[in-house]
Every structure is written in structure tokens, then in C-alpha cells.
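**Q** This is what each chain is made of:
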Amino acid sequence: MSKLIRVVKSHHRIPIAKPSIGVSGKTGTWRWIKPVVDLSKCTKCYQCEIYCPDNSILVEPLKGAIVNYDYCKGCGICAEVCPAKAINMVEEEQHGS
Amino acid sequence: MSSIPILPRHMRNTVLPGHAACHGCPIPIGLKVVGAAFGDKVILVVPACCTSVVLGMHPGTAFNGSVVHVAFASAAAVASGISAGLSKRGVRDVQVIAWAGDGGTADIGMASLSGAVERNDDFIYVMYDNEAYMNTGIQRSSATPAGAWTTTTPLGKKEPKKDVAKILIAHGAPYVATASIAYPHDFYSKLKKAAGIRGFKFIYLHAPCPVGWRFDPSLTVNIAKLAVETGMVILYEYYDGGIRLSGPSRPLLDKSKRKPIAEYLKHQGRFRGINEGELRSLESYVDSSWEWVKKFMQ
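Keeping their order, the protein sequence lines are chains A and B. Those letters in the first sequence? Residues 1 to 97, by this note's numbering. Those letters in the second sequence? Residues 1 to 298, by this note's numbering.
The set of hints was computed from the structure by calculation and includes no laboratory data. Mixed in with the good hints, there may be bad ones.
Between beta-carbon pairs, the in silico distance windows are [stated by the list, open to error]:
#	chain 1	residue 1	chain 2	residue 2	range
1	A	V90	B	T151	47 to 55 Å
2	A	D70	B	N120	43 to 51 Å
3	A	I14	B	G241	22 to 30 Å
4	B	R198	A	K41	41 to 49 Å
5	A	K18	B	E276	51 to 59 Å
6	B	M57	A	E93	25 to 33 Å
C-beta atoms are modelled at their ideal positions from N, C-alpha and C, and glycine is treated no differently.
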């Protein structure tokens with residue numbers, strides 16, 4: 001993903017915002033429960049990737065669903081939409097990191 | 001593998017992680033589908049609404065495409081200007097989308113929206129409907145359904161919901177559709193279809209808000225699905241003078257196939273104080289909208 005996003009330094013007089021990852025900081029610190037993927041159950045159906053509002057769960061065709069814990073807010077939509085019940089929400093041991 | 005085909009891969013790069021949406025927000029799900037349909041060849045016109053908060057503050061923006069933030073009432077007017085400018089310069093491959101909430105469409109932006117339909121300007125207007133003014137503190141809008149709690153209707157709203165899709169059909173727009181964030185493939189095909197039509201296109205997008213509707217953030221997609229299954233939201237397309245029901249709503253024309261409305265209401269804290277009479281009036285509202293759809297079906 002990082003290859004496709006180029007961070008271009010804008011001229012300081014032109015107040016144009018550029019697309020960038022993490023405009024609100026590391027939103028993973030907002031999380032109190034986190035999704036844990038059981039890769040043996042994952043059928044790679046892409047439902048979690050389609051519905052994730054934070055765009056932080058991506059399905060790799062060979063491995064399965066991979067969660068980006070830096071930005072996952074822990075809303076739990078992925079666990080609800082997973083037809084194979086491969087995603088469990090577990091409580092964070094320590095708030096933030 | 002699931003039987004549902006996946007959306008194009010570039011939906012991954014449209015909404016960037018780390019945006020400012022609340023937990024379980026439906027707006028980024030809708031924006032991801034916009035990205036799947038058009039990639040970065042899109043100019044989004046966003047009035048003051050939740051989306052302008054979601055996309056974040058100045059040095060960065062969470063949408064990997066062009067975004068114009070405009071004043072509340074002017075989304076349709078600005079989008080008209082941009083699409084006219086693009087066509088004068090011969091730019092054909094960029095889609096202009098006005099992306100406004102229910103307040104910016106049904107209440108404040110109604111005048112400029114009506115003007116844009118009358119001029120038949122060539123762009124897509126997406127109204128994502130979270131049924132109140134959410135980011136300013138859950139005030140009632142005219143798209144709030146009857147019986148729903150908001151901070152300005154503490155005893156439940158008395159008036160029924162304003163159906164903007166109906167109003168736009170009466171305006172004579174060439175393409176009007178309703179969609180839901182629970183059915184991204186349906187929304188995707190409607191966006192693609194709208195992009196191929198010259199003139200004003202309107203898409204209503206039902207988007208349940210966990211904060212304002214008082215339900216658990218993990219249930220966003222389930223609530224949106226229930227809204228369609230109970231018949232509260234009817235998914236259809238209007239073009240060539242007739243309504244065509246979309247896949248998820250097609251079997252629900254038969255009233256016995258619809259789930260009871262109480263099942264949709266029970267998950268939401270905003271309907272906790274609803275009484276029997278208000279439930280009946282919601283049911284009759286749903287029945288009358290289905291009767292209306294039947295009249296115009298082809």
C-alpha cells in the first residue's frame with residue numbers, strides 16, 4: 001500500500017491537504033477490544049476487508065486476513081460479518097501500546 | 001470461497017487507515033465502494049457533515065482522491081460548477097460526486113439540489129442517510145423516522161421521515177436509486193450504472209450510525225441489513241419512467257416475506273421509548289411506501 005501513496009511536499013503557501021495515512025494519529029490506541037484472526041478457519045471470502053471501516057484488515061490470497069493493529073479501532077464489524085466465525089474479539093491486555 | 005464476487009482491488013487504497021471516524025462508522029464503508037467504482041478518478045464535493053470530520057484535518061486527508069470541502073447548502077451547486085468546468089475542458093474520465101448527509105440534502109441543501117436537478121447537471125449526488133445531525137450532537141433532521149429519540153426530540157419524533165428519493169423522482173431526474181451500506185455490491189453496480197448516464201443522478205445510501213442510533217458499533221452492517229429485510233428501506237432503481245426493485249428487496253414485495261419491524265427497532269436505543277401507536281404508524285408508513293413503489297414498478 002505504501003508504494004501507491006506518495007507523500008508530496010506542498011508549497012507552504014498553498015493550503016492543499018495531501019492524502020496520507022494516519023491523519024488522526026495512530027487510531028489503534030482508541031481500541032479496547034482487538035480482533036484476532038484464526039487463520040485455520042479463514043476461507044478468504046473478503047467480507048471483513050469489504051466492510052472494515054478503517055481499511056485496516058486486508059485479505060492476502062494465500063495467508064488469509066491480516067489485521068493492521070496500528071490503525072484498527074476495534075469496532076468488531078469484521079467479527080460480526082465473518083461467515084466462518086474465524087475472527088474473535090479479545091480484550092486488550094494493556095490500553096494503548 | 002464465498003459466492004459473492006470481490007470488489008476491485010483499488011478499493012483498498014481509497015480510504016486510508018487512521019481517519020477520524022467513530023468506531024463502526026458506515027461512511028468509510030460507503031467511500032470505499034466509491035473508490036472501488038472510480039479509483040482516484042473522482043472529485044468528491046463534501047459539505048459540512050460527518051464526512052468532513054472523517055476525512056481529517058489540514059496537512060493530510062484520508063480520502064485518496066480529490067475532495068472539495070464546501071459550505072453547507074452549496075454541495076449540489078459546487079458540483080454543478082465543477083462538472084460544467086470539466087466538460088468545457090474536455091475532461092471525460094473524472095466523475096464528480098456530491099457526497100452529503102441527510103441534513104445537507106433534505107434540510108439545508110434542498111434548494112441547491114432542486115436547482116441542480118432542474119438544470120440536469122451531469123454529476124452523481126449521493127445522500128448518505130444517518131437520520132439526524134450526528135456530528136453536532138444528534139439533533140433531529142427531516143430524515144429522522146417517526147418515534148426516534150434525538151437530543152431535540154427527547155420524547156420521540158412525531159413527524160414521519162422525508163423521502164428524498166421520492167422528491168427527486170417527482171423532479172424528473174434521469175436516474176434515482178436507493179442503496180445500503182450492507183450491500184456494497186449493489187451500491188457499486190448502481191454507481192457504475194449512474195456513471196454511464198448523462199444528466200443528474202441521485203443515489204440514496206442508508207447508513208446506520210452507532211453513536212446516534214444507540215447500538216453497539218459491531219452491529220452497523222447487521223442493522224443496515226435488517227432495515228432492508230424489514231422493508232424500512234426499499235432498494236430500487238428509477239430510470240426510463242419506471243421503478244425496478246434491486247436484488248435484496250425483490251422478494252420483499254410480498255408482505256409476508258418481510259421481517260417484523262420490531263426486530264429492527266429492538267437493537268436501537270433511540271427507539272427504546274416507542275409505544276404501540278407509534279409502532280403502528282411506522283408500520284403503516286412502511287406499507288404506504290411499498291404501495292407507492294408498486295404503483296411505479298415496471
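**Q** Each hint: holds or not?
**A** Structure-based check of all given hints:
no., hint, result
1, A:V90 / B:T151: 47 to 55 Å, "34 Å, violated"
2, A:D70 / B:N120: 43 to 51 Å, "46 Å, holds"
3, A:I14 / B:G241: 22 to 30 Å, "47 Å, violated"
4, B:R198 / A:K41: 41 to 49 Å, "48 Å, holds"
5, A:K18 / B:E276: 51 to 59 Å, "54 Å, holds"
6, B:M57 / A:E93: 25 to 33 Å, "31 Å, holds"
In terms of the numbered hints stated before, the structure departs from hints 1, 3, listed from lowest to highest.
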